[in-house]
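Asker: With chain A held as given, fit chain B onto it using these hints.
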Amino acid sequence: MATLRREVRIARPADAVWDVIADAGTIADWFPAMESSSIEGDVRRCSLRSGLELIERIVTSDAELRRFQYRVTGGVPVIEHLATVDVFALGPADALLVYSTEVEPAPLALVLGDAIEEAVLNLRARLEGSDQ
Amino acid sequence: MMGRKILFVTTDQQRYDSLGCTGGTVARTPVIDALATAGIVYDRAHPASVVCMPSRATMITGQRVSTHGVWMNGVPLPADAPSVAQVLHEAGYRTALFGKAHFEPYLDPFLRFEENRLGRFGAHGPHRGFDHLELASHGAVGLTHYARWMMQEHAAHVGDYYPVIEMPGMQVNAAGGGDTDAPQVKVNPIPRELYHTDWVADRAIAWLDALPDDADWFCWVSFPDPHHPWDPPASERGRVDWRDLDLPAGYPQDAAERAAILAAKPRHWTAWYEGDVVSNYEAPDAWVPATLTADQVREVNANVHVEVELIDEALGRVLDAVRARGWDADTDVVFTTDHGELQGDFGLLFKGPYHVDALLRLPLIWRPAPSAQVAPARVASPVSLVDLAPTFCAAADVDVPEWMEGGALPLTDSDARRDAPVVTEWDSIHPRGHRVHARTIVADDVLVTAYGPGTMHDGTEGELYRLADDPLQRENRWDEPSARAGRDELVATVQRVAPPLPPRGIRRGVAAPV
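In order, the protein sequences belong to chains A and B. Under the working numbering, residues 1 to 132 are what the first sequence spells out, in order. Under the working numbering, residues 1 to 514 are what the second sequence spells out, in order.
Simulated from the structure, these hints should not be mistaken for lab results. Even glycine gets a Cβ: it sits at the ideal position worked out from N, Cα and C. Treat the hints loosely; a few may be bogus.
Distance ranges between label pairs, derived from CB positions [to be verified]:
1. B:Ala156 to A:Glu40: 33 to 39 Å
2. B:Gly92 to A:Asp29: 52 to 58 Å
3. A:Gly25 to B:Val288: 54 to 60 Å
4. B:Pro168 to A:Thr26: 26 to 32 Å
5. A:Ile79 to B:Gln253: 49 to 55 Å
Which stretches of chain B does chain A cover? Using the computed rule of at least three CB atoms under 8 Å from a CB of chain A, they are [claimed, not checked]:
6. 162-170
7. 395-409
8. 508-514
Selected chain B positions facing chain A (Cβ under 10 Å, derived; list incomplete) [as the list claims (entries may be wrong)]:
9. Gly74
10. Pro76
11. Ala79
12. Ala81
13. Leu107
14. Asp108
15. Phe110
16. Leu143
17. Trp149
18. Gly316
19. Arg432
For reference, chain A alone in the conformation it holds in the complex:
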């Protein structure tokens, strides 16, 4: 099992960041190489440009804690996977987003880590560039 963690400080209120994370069906708007995403019940489907479709089960979406968790259950050859996205308030207009992942097989962590890094940077640019 490999673990990885990517974090980014975002100059926006934590609740504004959380709103984007919690709107789980719109992840394709900020995660790289996703063509579309949709949600039905606790299952999220993300269509990748490669033609793969990631199937994910949402485990936690806790607005109080600002914690979102999901498991990849299909589409890529995972043995185990758990991703956790936490949004912490650093100040009234300043948040820390922490995107952690545990994954087996371990080599997949490299692929996910680099993509997640691009994703969180995209998200920051998107949020900081939006109307305040």
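Answerer: Structure of chain B alone, referenced to chain A:
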């Protein structure tokens, strides 16, 4: 334009001693041998790295690893990185690449990299200065044009190849096959005409055939073999019977002798041999080199010889196509590979942070365009693959950009640049956390490797071999007092030229294991 055309031919993971013109006695390579007879053979050519992506990044950029920043497999070369293909394109050359590129990671489910997008959607570029790309790798799965063609036209044969990566563990496969259960060996039922070697040649020939007569062109023909898996078409296996092969000189047949030789080297050698530590992803995680048998060494070598013969024949077809267009007199041909293969030396297979001739010493042949009237020669002085890109510029009669760090290959030994250190770099961080850092330099018949601090070295270890006295690099003289002064001077040079890997956040990120 009617200048010199450039045919750049690379293989993957091929040893110096694999060709007739460089001392090989098994594989028949008349096409490459003829190029050697008419051209310049470099008998001490080293790569900038002994794994694919960093070495290939050096070929295209003309820069050392520490400059282009692709420090291990899985680190993508930025799409806008310097490219000799771009230089030639801007000089009016038609440019193309066929076969294995691998400037960007293969494992790419998010399709973040252009090479994979081109292969996935069947597009042909442009990319990195190449007008046209048709890509292949070591099998028929993945995001390459070859895999797409196989899936669309010959789906029944997609599964013929050995699966390089095992699932679901996503590690390099250790499963054995063939007659001896050797790792990464398989009897491949694929028809020869569908095998990737011939596909690469076919696609290059089709592109050349479509060019106008007066075009100048740079065509990189990049064969994925003889890199493992060792699974040539079954129809060709009869060319070399492994039972008839002598064991390679680099394979100590006595197990106690092997252990003693390895024990005199830095500890990661024995640690890998005994299965305690696999320091890099390129070797199967589940394979223990100490289990390698003499017959397995023979069978791996036999398959390599077969694959080398197929490459030679495929290259012959490409050269025939060049001749048929009347271009031969004005065509430079450069043949080399990205790095070597242990292939049984020291009882090991594959590659890793083991900077000895098996991995470092490469076949490199430059047949200058006959119209240039360059005399055939053999060059013993060390040269580096960092010199390839400037050589292409010289052949094309364009200025060598300042960002290239090498110089055009020498035409003779007296022409060799004594002031250009020939350096090979290694940095790796294995998914399990093992870190190895090494810097190697060859000069004055001495091969020196200094290890930086990592998980298996404290920064004081090294290797020093006197190549003339010890061509198999069995006696590590790093700690000999008489060697110390010269050793320290070479270490200072290599550390100046190739500084340590920058810290995380500054160095380029790893986007995939390979």
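Asker: Against each hint, give a clear statement of whether it holds in the structure.
Answerer: Right, here's what the structure says about each hint:
no.: 1; hint: B:Ala156 to A:Glu40: 33 to 39 Å; result: holds, 37 Å
no.: 2; hint: B:Gly92 to A:Asp29: 52 to 58 Å; result: violated, 43 Å
no.: 3; hint: A:Gly25 to B:Val288: 54 to 60 Å; result: violated, 48 Å
no.: 4; hint: B:Pro168 to A:Thr26: 26 to 32 Å; result: holds, 30 Å
no.: 5; hint: A:Ile79 to B:Gln253: 49 to 55 Å; result: violated, 40 Å
no.: 6; hint: 162-170; result: holds (count 4)
no.: 7; hint: 395-409; result: violated (count 0)
no.: 8; hint: 508-514; result: holds (count 5)
no.: 9; hint: Gly74; result: holds, 6 Å
no.: 10; hint: Pro76; result: holds, 9 Å
no.: 11; hint: Ala79; result: violated, 14 Å
no.: 12; hint: Ala81; result: violated, 17 Å
no.: 13; hint: Leu107; result: holds, 6 Å
no.: 14; hint: Asp108; result: holds, 7 Å
no.: 15; hint: Phe110; result: holds, 4 Å
no.: 16; hint: Leu143; result: holds, 7 Å
no.: 17; hint: Trp149; result: violated, 16 Å
no.: 18; hint: Gly316; result: violated, 37 Å
no.: 19; hint: Arg432; result: holds, 7 Å
Comparing the model with each earlier hint shows violations of hints 2, 3, 5, 7, 11, 12, 17, 18; every other hint is respected.
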